[in-house]
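Chemist: Take a look at the letters that make up each chain.
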Amino acid sequence: MRSVINYFKEIYFGLKSLITGMRVTGHYFTHPKEIITQQYPENRETLKMFERFRGEVVLLHNENNEHKCTGCSACEVACPNGTIEIIHKRVDVDGRKVKALDTFVYHLQMCTMCGLCIPACPTDAIVMANTFEHAVFDRSKLTKVLNNPGSKIMDGIK
Amino acid sequence: MEDVITTPLESQEYFINMGPQHPSTHGVLRLVLSLDGEIIRKVEPHIGYIHRSIEKMCEHDSYQQIVHLTDRMDYLSCHINNEAVCLGVEMGLQLEVPERVKVIRTIIGELTRLSSHQLWWGVMGMDLGAITTFLYGFRDREMITDIFEETCGARLTMNYNVPGGLMFDIHPNFQKRTKDFITHFKKKLPEYDDLLSNNVIFRQRTMGIGKLSKADAISFGVTGPSGRASGFSCDVRKHHPYSAYDKVQFKEILRTEGDCFARYQCRIDEMWESVSIIEQLIDNIPEGPFKAPTKAAIKLPKGEFYQKVETARGEFGVYIISEGQKSPYRLKFRSPGFSNLSALNHMAQGCKIADLVAIMSTIDLVIPDIDR
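These protein sequences, in sequence, are chains A and B.
In terms of the working numbering, the first sequence opens at residue 1 and continues consecutively.
In terms of the working numbering, the second sequence opens at residue 1 and continues consecutively.
Note that these hints are calculated values from the structure, not bench results.
Source: prediction; values computed, not measured.
Take the hints with a grain of salt, since some may be wrong.
[Unchecked claim] Ranges of calculated distance between the beta carbons of each label pair, as one might list FRET restraints:
| id | chain 1 | residue 1 | chain 2 | residue 2 | range |
| --- | --- | --- | --- | --- | --- |
| 1 | A | Arg2 | B | Ile353 | 33 to 41 Å |
| 2 | B | Asp193 | A | Ile11 | 55 to 63 Å |
| 3 | B | Lys251 | A | Ile5 | 48 to 56 Å |
| 4 | B | Leu95 | A | Gly14 | 40 to 48 Å |
[To be verified] In silico DSS-like cross-links for lysine-lysine, where the CA-CA straight-line distance does not exceed 30 Å:
| id | chain 1 | residue 1 | chain 2 | residue 2 |
| --- | --- | --- | --- | --- |
| 5 | B | Lys179 | A | Lys48 |
| 6 | A | Lys33 | B | Lys176 |
| 7 | B | Lys326 | A | Lys16 |
| 8 | A | Lys33 | B | Lys188 |
| 9 | B | Lys352 | A | Lys9 |
| 10 | A | Lys48 | B | Lys187 |
| 11 | B | Lys186 | A | Lys48 |
| 12 | A | Lys99 | B | Lys186 |
| 13 | A | Lys16 | B | Lys188 |
| 14 | B | Lys176 | A | Lys16 |
| 15 | A | Lys99 | B | Lys326 |
| 16 | B | Lys352 | A | Lys16 |
| 17 | A | Lys99 | B | Lys299 |
| 18 | B | Lys291 | A | Lys68 |
| 19 | A | Lys33 | B | Lys179 |
| 20 | B | Lys187 | A | Lys33 |
| 21 | A | Lys9 | B | Lys188 |
| 22 | A | Lys16 | B | Lys211 |
| 23 | B | Lys352 | A | Lys48 |
| 24 | B | Lys186 | A | Lys33 |
| 25 | A | Lys9 | B | Lys179 |
| 26 | A | Lys68 | B | Lys295 |
Where a beta carbon is used, it is the ideal one built from N, C-alpha and C, also for glycine.
Please work from the sequences and hints to get the whole structure.
Modeler: Next comes the structure, spelled out in C-alpha cells:
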C-alpha cells in the first residue's frame with residue numbers, strides 16, 4: 001500500500017516540478033521587456049563599448065600629424081609575445097645623432113590584449129582602442145604600421 | 001546447430017572514443033571508454049590536445065608577463081589565477097600590498113567565481129538536455145562580464161592583477177554596477193532552483209550517480225566544490241586565507257553524499273556565499289593606492305615559493321623556483337582540473353554513458369586548465 005502511495009506521490013511532485021519550471025519560462029514568454037538580447041549587427045551605430053575595453057593598440061596622432069613616440073622600445077620589451085616591433089632611425093638634433101621612431105609595426109594576429117604595453121610607455125603615446133571587428137580575409141592585413149606616413153614627433157617630447 | 005543456439009551469447013568488452021570533439025567534453029578531451037553493453041567498465045582520459053607549454057613559456061617571461069598567461073589556463077576563473085601568481089611574487093618580494101588592493105581583488109575574485117558557476121549551471125543543464133538553462137545562465141553572467149569590461153577592460157581574459165597591486169583603479173561605476181547586479185541576482189537565483197534543481201528529470205539523472213567517498217576524494221586530490229560535496233573540507237579561502245578572506249564571514253559548503261546532485265547543490269550554495277561575501281565588502285572598499293610601488297624589472301630572491309588559492313574549480317597552486325633572475329628558473333602550476341579529472345575513472349565505473357555526461361558536467365572540467 002505504501003509503495004502505491006509513494007508511486008502517486010512521485011508522479012504528483014514530478015508534475016509539480018515540471019509546472020514550476022514552465023511557469024518561469026512562461027513568465028519571460030509573456031514579459032518581452034525583460035529580454036536583454038542585443039541585436040548586434042543592426043545596432044552598430046548605437047553600440048558603445050566601455051572606455052577601458054582593450055580592442056587594439058593605436059598610436060595617437062594630433063591634428064598636425066604628430067605623435068608622442070620617441071622610439072624607446074619600452075613597449076616592445078613589455079610585450080610578452082613579440083607583438084610590437086619598433087624600427088629605429090637616426091636623426092640629427094642640434095648636430096647630434098639621436099635615435100627616433102621610423103616604423104611602429106604592430107602584429108595584431110599575435111596580440112593577446114593584455115595591455116602591458118600601455119603602462120610601460122613613458123610618454124603615453126599609445127592607447128588601447130575600442131574597436132573589435134578585426135576580421136579580415138588575408139592574414140597579412142593584420143600586420144599594421146601604426147605611425148601615419150609623414151608623421152613626426154611632437155615638440156618637447158623626449 | 002542446436003549447440004550454437006543454446007549457448008548463451010558471450011558478452012565482449014569493446015572500446016568507444018568520446019571526444020576529442022564532443023560537445024559534452026567542454027573542449028578537446030578524448031575519453032576512451034571501455035564498455036560492456038552500455039555499462040562503463042573503464043574511462044581513460046587522453047589529454048594534450050590543447051597543450052601550449054605555458055609552464056615552459058613562463059621560464060622566459062618576466063614576472064609581469066607571466067600573469068597574462070594564466071588567463072589562458074582556467075579562463076573561467078582567470079582573475080583568481082592571476083591573483084595566485086601575483087600573491088606568489090609578492091610573497092617572494094615580501095611586499096605588503098595596500099588594503100584597497102586586497103578588498104578589490106576579493107570582490108572581483110568572487111564575481112569571477114559567480115560568473116564561472118553561472119556558466120557551469122547553464123552548461124550543466126544543456127549537457128543533460130535542457131537548453132533553457134544555458135540561456136538563463138548567460139543572461140545573468142552578462143551583467144558580470146559588463147562589470148569586468150568596464151573596470152578591467154576585457155570580458156574574459158582580464159589580466160587585471162599585476163605583481164604589487166592592480167593594473168588600474170576600479171571604475172567609478174564599479175560599486176553601483178556590482179550592487180545592481182547583486183540585487184538582480186538575488187531575485188534570479190531562486191529561478192535556478194525552479195528550473196533545474198527541483199526538476200524531476202534532472203534529479204533522477206543526478207541523484208546517486210557518480211559517487212565519490214571522502215577517502216577517495218582526498219586520495220585523488222579532488223578539491224573545490226567537487227571535493228567538498230564528498231565531505232572533504234578543502235576550502236583554501238577558509239583554511240589559508242589570502243587577500244581579504246580573513247575579514248569576511250562565510251560558510252564553507254560541505255555535503256556528505258558525494259554524488260552528482262551534491263556537487264551540483266554545493267555550487268548553487270556557493271553562489272549564495274559569494275553573493276554574501278561581495279555584499280560585505282562592496283561598501284567597505286578602503287581608500288588608498290591601487291598599487292604598491294615595484295621596480296620595473298622584478299627579480300625574486302633565490303628560493304622556492306608556493307602560493308595556493310581557491311578558484312571556482314578547486315585549489316590552484318603556483319610553485320615558483322627562482323634563481324634570482326628576472327624570470328623564474330621553473331614554474332609549476334597545480335591545476336584543480338587535472339586532479340579532478342583523475343577521479344573520473346573511479347566515479348564512472350558501472351555507470352551508463354549518459355551518466356558519464358552528468359559526472360563530467362558536475363566536476364566542471366576546463367580543458368585548457370588540465371593541459372596548460
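Chemist: All the hints need checking, so say for each whether the structure fits it.
Modeler: Hint check:
no.	hint	in the structure
1	Arg2/A - Ile353/B: 33 to 41 Å	34 Å, holds
2	Asp193/B - Ile11/A: 55 to 63 Å	21 Å, violated
3	Lys251/B - Ile5/A: 48 to 56 Å	37 Å, violated
4	Leu95/B - Gly14/A: 40 to 48 Å	57 Å, violated
5	Lys179/B - Lys48/A	22 Å, holds
6	Lys33/A - Lys176/B	22 Å, holds
7	Lys326/B - Lys16/A	63 Å, violated
8	Lys33/A - Lys188/B	16 Å, holds
9	Lys352/B - Lys9/A	27 Å, holds
10	Lys48/A - Lys187/B	28 Å, holds
11	Lys186/B - Lys48/A	28 Å, holds
12	Lys99/A - Lys186/B	58 Å, violated
13	Lys16/A - Lys188/B	20 Å, holds
14	Lys176/B - Lys16/A	38 Å, violated
15	Lys99/A - Lys326/B	27 Å, holds
16	Lys352/B - Lys16/A	28 Å, holds
17	Lys99/A - Lys299/B	29 Å, holds
18	Lys291/B - Lys68/A	26 Å, holds
19	Lys33/A - Lys179/B	22 Å, holds
20	Lys187/B - Lys33/A	17 Å, holds
21	Lys9/A - Lys188/B	29 Å, holds
22	Lys16/A - Lys211/B	28 Å, holds
23	Lys352/B - Lys48/A	49 Å, violated
24	Lys186/B - Lys33/A	19 Å, holds
25	Lys9/A - Lys179/B	42 Å, violated
26	Lys68/A - Lys295/B	24 Å, holds
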